[in-house]
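**Q** Given next are the chains, with one letter for each unit.
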Amino acid sequence: MPAYLGEFEQLILLALARLGDEAYGVTIRETLRDRAGRRASFGAIYSTIRRLEAKGLVRSFKGEPEAVRGGRAKKYVALTARGRAALRSSHAAIVRMADGVADLNG
Amino acid sequence: MRHALDRLLRAIRPDDGEDILGDIEQEYRARLHSSRGRFGADAWYVLEILAAVAYGARDGLTDWAAAFRRMDGGHARSISRLFRTHASYVVMSAVVLASSIGVNLLVFTVVNALWFRPLPYPDAHRVVTIPQETFVALDGPVLPVFDGSVTFEGGTAGQVITHGDFAGLRVPIDVGGRSLETLGVTSSYFDVLRLAVLGRGLTADDDVDGAEPVAIISDRLWSRAFGRRTEVIGSIVPAAPVPIRIVGVAPAGFAGARRGEHTDIWIPATLVRALAPSDWHRQRLPMMLLARLGPGQTASAIERQYRELIPRARVDTLRANNLSWALPTVTPLTDVFGSPDTRTLIVGANEESLFLVVAALATLVLLGGCATIAALVLIHYERRRGELALKISLGAGRRRLILEQVRDLSWVGAVGCAGGILVAALGVRMVPALSLPGGIDIGRLDLSIDWRIAAVAMAATGLTLLLAAALPVARSTRLGLARELYAGPTATLGSLRTRQRLLGLQVCATVVVLIAAGLFVRTVLYGFGGATGFDVDRTVFVSVQEGAPRPSGGDPRTLIRERSSRLVSILREVPGVNDVAEGIAPIGPAALAMSPESRTVQVHDREHDVLVGVLHGSPTLLATLGVPILAGRALAAEDFAGMPQPVVITESLASRLWPDGDVLGQMLSMPQSRPGGPFLIVGIARDFAFGSLTRPVRGAVVMAGTGSSTTASSFVVHTEHPDAVSALIRRTVEGQVVQARTGREIVAQDIGRQRLGAWFFSGFGLAALFLGISSAFGLVAYLAESQRHDFGVRVALGANLWDLVRHALSAGVIPVAAGVAAGLALGGAASQAFRALLVGVGTVDVVTYLAVAITMLGCATTAALAAAWRLRRTSPADALRTR
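Just so you know, the protein sequences line up as chains D and B, in that order. Note that my numbering numbers the first sequence so that position 90 is 265, with each residue one more than the last. Note that my numbering numbers the second sequence so that position 525 is 592, with each residue one more than the last.
Bound conformation, chain D alone:
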């Protein structure tokens, strides 16, 4: 049974799906800002990723240390198969719910 997703969790998962291998804190934040118009703090993004990781919907792995990050490595985040299924299911539910709602089409 697919996990239920909150609105911000859906946005994060969509950002991960869009970014592919380049998904880490800074790019996720930029994507949320550019495409969804949401100004999220890194604290909020990482809290959500942590929650999604606990649900098994995303996985993370470390990159190489970089000078521009003060010698710290990037933490890349990617969707798991379960995460993709949850995103698909959630999106389909929204489409079904929206179907025929005049206000959304008008």
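Some hints here could point you the wrong way.
For each label pair, taking beta carbons as the anchor points, the in silico distance ranges come out as [to be verified]:
| hint | chain 1 | residue 1 | chain 2 | residue 2 | range |
| --- | --- | --- | --- | --- | --- |
| 1 | D | Ile269 | B | Trp131 | 34 to 40 Å |
| 2 | B | Gly464 | D | Gly245 | 45 to 51 Å |
| 3 | D | Gly212 | B | Trp478 | 46 to 52 Å |
| 4 | B | Arg519 | D | Ile269 | 55 to 61 Å |
| 5 | B | Thr297 | D | Gly245 | 53 to 59 Å |
| 6 | D | Ala229 | B | Arg519 | 47 to 53 Å |
| 7 | B | Ala933 | D | Gly245 | 54 to 60 Å |
No lab work stands behind these hints, which were simulated from the structure alone. Where is the CB? At the ideal position from N, CA and C, for every residue including glycine.
Chain B: place on chain D using the hints.
**A** For chain B alone, kept in the frame of chain D given last:
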């Protein structure tokens, strides 16, 4: 700052804190090149970290105990060790810091409340007041204001004092069963103060006879009694003595134009008159004028304008009779204090000089505290020299050692600072007890600790520690410390000399403070001792104000006499009263008005200018006051009609006018007085203070007469129980405005400033004495500790206990003696600054100086003896082994 924030984030979010920091760092660097620059980037950085911390805390990502351990980075262990192994050092340092910082914080809180706290209306320094008593000089109504001779921006406003001694009128409004502070004002009051009223302000139509009773209430009352409900504005609320319609609410934080006012209701001035209990009150409503200076106007220029309107001859007469205070004065409201129970007090002149002295002495206490802290820190690091030398030998860098010590000192400073704020907070609750009758009621000031003052206190703590610890820390982290330790005790001796100098400095500051305290205490003792010359402990002074006798009621003098006789009978019936006489209190405003700076006394066509007071009263007045007749006789009932009128004079006046001693039966006259004489001297009385203790008195003339005027009667009551009797009198003489004050209350009011000084300086003196004693004790204890080896050798060579104690004492008492000598010299010079406030005692008062020197030397010797006593157990073997 960034380092601390990073550490906080890592502690709160141990799993992803580092990842977040990496992203934040990357974004931060990009933002550095944006248009908002470095400041914008830094601000963003701080907010981003705080947001991440908040999300971490909200989502329960934090194990708080582990976070604390990570944040602490080993600090808790080192603090615990510091407190465990050096408890006496930490406690002593914290107590010294807390007392010196606390005392300063308290003093400057009072000073801030009295002078610097902003008044709650715009451009307060441009609003001036013309106190009511100055109208006396203008002969009639306040013409220069109301006839347009002098104009102000936006006109003038009046403020009617509805409480207080002037008219004895109290018009509090009761709302919900609570009596509220009420003020009568003219319609332009809020406009002159440039305050916007919620609802509507008072209008000229509200301020006429027969108008509906309306009021503006304070924001505080609106909130407390009416829950800020807007429908209250415009509605009639039940109140006593009349229901009132609330038409507006004053701005938040405003409770009156003067410091000290706590007004909750403002009503039209005319309504106050309507509520006054009698015509007498109505005619004597004390009014204070407020005005806002226009462009180019200054308070001093307006004052000159006023004075030019008064006829020259009248000004000369006022000055000649020492009534210069009755000339018009124009004072900025920032310089006045006033409450419904006191007249307007100008706090920009005399009180300022007193508080400047207080502030200077508070700074001295801080200096003393600084010296004590320096000595304590010096001891602490001298004791740790071995440990520090070992660390240096093992390769510890100087920077690291200094940082370690700064960290320890920071904790001591934090504890001391918290203690200082606690001391000040407790002090703020106790200070209102210093309220002086007729003076500044400190309890009515806003004594909340201002954040700026608290910041200054913190800075003072930091600076004190920095100044005090710089030398000891520098000494104890020298890289050559290990070699010095090996070579011998030179550093210890150097440290001892430094400590002796610090002790001398501390004692010097203490002695200056104690001298100031001693001089003020001596002044107060002088006032309450025999200085008054009358029996202050067994007298009550009663003043009864009544309406003037009606013109149709017969001869006014007869009516006054009848009224006085009736009141004397009533007073005699009060339980505990031994005797009653007519007459005013020899000390106080009434007597002051009867004793100008100089009065011409004529004896055998020869004129003498002397400071002499004239006291009218019933024949038993002097006996009731407890003033004995030294020669001749007391006044008698038949002396009322005697011609020439018999009088009794005081012994100092008698010796001045007739140095050869032949006084009784002589005649004198006073051409400038009413009556002017001639007077026949029938008796000589012992000297007693007249007018004020703060002015030297040369003598008094006592004559038979009445202590009553058309509107007021004054009596002196002799009793063994003045407090109980004064309360009984106030209850017994009902329906009239009665003031009954004991002799001690009269004296307390007269020397109010001196009492305030005595309280303040005694507090400082105790704090400084405590610091001085602890310094002396610490020095000798340190000597005992650091020279244990030497003592051991001396004991091994046959020295007895007395030799050791003498050696220890000389180290402690010599610097104290030097400090005492310097302090006495400095104290003598410093006391010149408050010479004018001392009464009955000179700035070089041998008793005070001796007492201070003996106290300081005695305490230091005792402290040194107590510390040296520990030496008696010095065992040569133990001492040599410790070496």
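**Q** Are the hints correct? Go through all of them and say.
**A** Quick rundown of the hints versus the structure:
no. : hint                             : verdict
1   : D:Ile269 to B:Trp131: 34 to 40 Å : holds (39 Å)
2   : B:Gly464 to D:Gly245: 45 to 51 Å : violated (26 Å)
3   : D:Gly212 to B:Trp478: 46 to 52 Å : holds (49 Å)
4   : B:Arg519 to D:Ile269: 55 to 61 Å : holds (56 Å)
5   : B:Thr297 to D:Gly245: 53 to 59 Å : holds (56 Å)
6   : D:Ala229 to B:Arg519: 47 to 53 Å : holds (49 Å)
7   : B:Ala933 to D:Gly245: 54 to 60 Å : holds (59 Å)
Violated hint for the displayed structure: number 2, the only one.
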